[in-house]
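Enquirer: Protein chains in written order, with the working numbering: chain A, 1400 to 1626; chain B, 17 to 277.
Hint data in this document are derived by calculation from the structure and do not stem from the laboratory.
Please read these numbers as outputs of a predicted model, since none were measured by experiment.
Please note that a few of the clues may not be correct.
Unchecked claim - Have a look at the derived ranges for each label pair, beta carbon to beta carbon: (1) 1532/A with 68/B: 22 to 28 angstroms; (2) 1400/A with 277/B: 32 to 38 angstroms; (3) 218/B with 1609/A: 25 to 31 angstroms; (4) 1505/A with 263/B: 37 to 43 angstroms; (5) 1532/A with 102/B: 37 to 43 angstroms; (6) 73/B with 1501/A: 41 to 47 angstroms; (7) 1435/A with 263/B: 24 to 30 angstroms.
Claimed, not checked - In silico DSS-like pairs for lysine-lysine, Cα to Cα no more than 27 angstroms straight-line: (8) 29/B with 76/B; (9) 88/B with 29/B; (10) 269/B with 1419/A; (11) 1419/A with 258/B.
Using N, Cα and C, we set each Cβ at its ideal position, and we do this for glycine too.
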Amino acid sequence: MITVIDYGAGNLRSVENTLKFLSVPHRVTSSAADVAAASAILLPGVGHFGQMMRSLDQMAVIGVLRDRIRAGIPYLGICLGMHALFEGSDEAPEYAGLGIFSGSVRRFPENMPAGLKVPHMGWNQLHLAPTSRLFAGMTPQPFVYFAHSYYLPQELASSSPAVGQPLAAAVADYGGEFIAALESGNVFGTQFHPEKSGNLGLHVVSNFAELCAQLSGAVSARGLHAG
Amino acid sequence: MLAKRVIACLDVKDGRVVKGINFLELRDAGDPAELASAYNLEGVDEVVFLDITASHERRKLIAETVARTAQKVFIPLSVGGGIRSVADARAILTSGADKVSVNTAAVERPALITELSEEFGAQAVILAIDARRECERPVELQSSTSGWRVFTYGGRRPVELSAIEWAAQGEQLGAGEILLTSMDCDGTEAGFDCELTSAVSRAVRIPVIASGGAGSAEHFADVLSRGEADAALAASIFHYGKVRVSDLKNHLKSRGIPVRL
């Protein structure tokens, strides 16, 4: 069961539609108690970093969410939901993120090279890390849908597994390479929107759901032995 | 590299597609959800619903249409037509659309763009501009509109506003994209207005979607290169099967234009 946190994000419905379409068991909630009891969490995100952190704070979810992620349950953050994992964002410097990983989300510069426009909006190509679990079984260099003005600079993740830093599961190029997806243990994040990336996006969500199912299977199996 | 986008537009009235569709083998060729799904399979990058419903039930009808579509189409979906407030936009976006476009309402009350952008983010707000060339007018009258004048109410009412300046202002107000329709070219199938499109594209730093005049695959190649558009939109040539989206994408690729295949 994937717990989808509803904090008023614009794309909640699309994420729900994706999970329904893939027949993935899930529930949508705004309750801190539900988050505290979650065995897997999906944090969607379209909107504003400050508004997201403020809403999560008002829902009293920040502490329990951080605890659940640190406890190692599967987590997928989409766009802002990935930004939330870091210490903060240029988008709202007065708000702190969850601080699971160190570093801050940056804004694309005003003057992008080659007249590139901001927001970075549309279909761009991913360069996948071969060891990524999130992209297992996918065609090389898939096109996925982006819509963002803030991004994770490459130094916030490593191109090979490293201690204390997430793996850059995918990078994309927009005036230079940036982190398009990351993973660290069971924590996953995507800058692009899998719920709007056609069949390839469905594949990503399906990979995450499968991972959640495997892990919860392992947990209940352990529970049985213990009992 | 960021791909150039091909966008299919569907005119929707009372929850039904109004223009004839005769190329797709569909169970219900008038169902927007089914058509959007078919275009998705052909490789279209985005779908736009232009809502031309006139009834009091308008908001409910388009929200239902969007909700049905978003359950089976997992690519970006935009809705334009009759959006005059944050509440109108919210009804559409919470139903599963990704963007709304505003046209007349934004000209009449530019603060609407800012309100929408602050509420939903710039990526969800498209400023739609209908523009007509002013070349027939004396030079002294042209200066105020720098060549292209904005029209509202579906192209029926001229406004004392230059399309290029309005686009730039729209960006300042918080729009995330410009949907630019050339009224001179619309319906001609003689090609997009590359001059207008490149003039607007150079005046803003947000993506520009060219619309009006598509008649062949080469027209798309032209506006996406010479016209400096980030995306190109068409309706009837797709609906009537004159150009297939899959063939169009291959043509663009052969022209060296980056596309999602």
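Enquirer: So does residue 1435/A sit 24 to 30 angstroms from residue 263/B, Cβ to Cβ?
Expert: Violated - the Cβ-Cβ distance for residue 1435/A and residue 263/B, about 53 angstroms, lies outside 24 to 30 angstroms.
Enquirer: Checking one constraint from the list: CA of residue 88/B to CA of residue 29/B, max 27 angstroms. Satisfied?
Expert: Holds, because 20 angstroms separates the two Cα atoms, which is no more than 27 angstroms.
Enquirer: Taking 37 to 43 angstroms as the stated bounds, is the beta-carbon spacing between residue 1505/A and residue 263/B within them?
Expert: This hint holds: roughly 40 angstroms between Cβ atoms.
Enquirer: Regarding residue 73/B and residue 1501/A, is the given constraint of 41 to 47 angstroms on their beta-carbon distance met?
Expert: Violated, at about 52 angstroms.
Enquirer: Taking the CB of residue 1400/A and the CB of residue 277/B, does the distance hold inside 32 to 38 angstroms?
Expert: The hint (32 to 38 angstroms, Cβ to Cβ) holds, given that residue 1400/A and residue 277/B are roughly 37 angstroms apart.
Enquirer: Please work out if residue 269/B and residue 1419/A have their alpha carbons no farther apart than 27 angstroms.
Expert: With Cα atoms ~35 angstroms apart, residue 269/B and residue 1419/A exceed 27 angstroms; violated.
Enquirer: Between residue 1419/A and residue 258/B, does the CA-CA distance stay at or below 27 angstroms?
Expert: The hint is violated at about 35 angstroms.
Enquirer: CB of residue 218/B to CB of residue 1609/A, is that within 25 to 31 angstroms?
Expert: Hint violated: Cβ distance 47 angstroms, outside 25 to 31 angstroms.
Enquirer: Between residue 29/B and residue 76/B, does the CA-CA distance stay at or below 27 angstroms?
Expert: holds, 12 angstroms
Enquirer: So does residue 1532/A sit 22 to 28 angstroms from residue 68/B, Cβ to Cβ?
Expert: At roughly 46 angstroms between Cβ atoms, residue 68/B and residue 1532/A fall outside 22 to 28 angstroms, so the hint is violated.
Enquirer: Between residue 1532/A and residue 102/B, is the Cβ distance one that fits in 37 to 43 angstroms?
Expert: With a Cβ separation near 40 angstroms, residue 1532/A and residue 102/B satisfy 37 to 43 angstroms, so the hint holds.
Hint compliance for this structure: hints 1, 3, 6, 7, 10, 11 are not met, and every other hint is.
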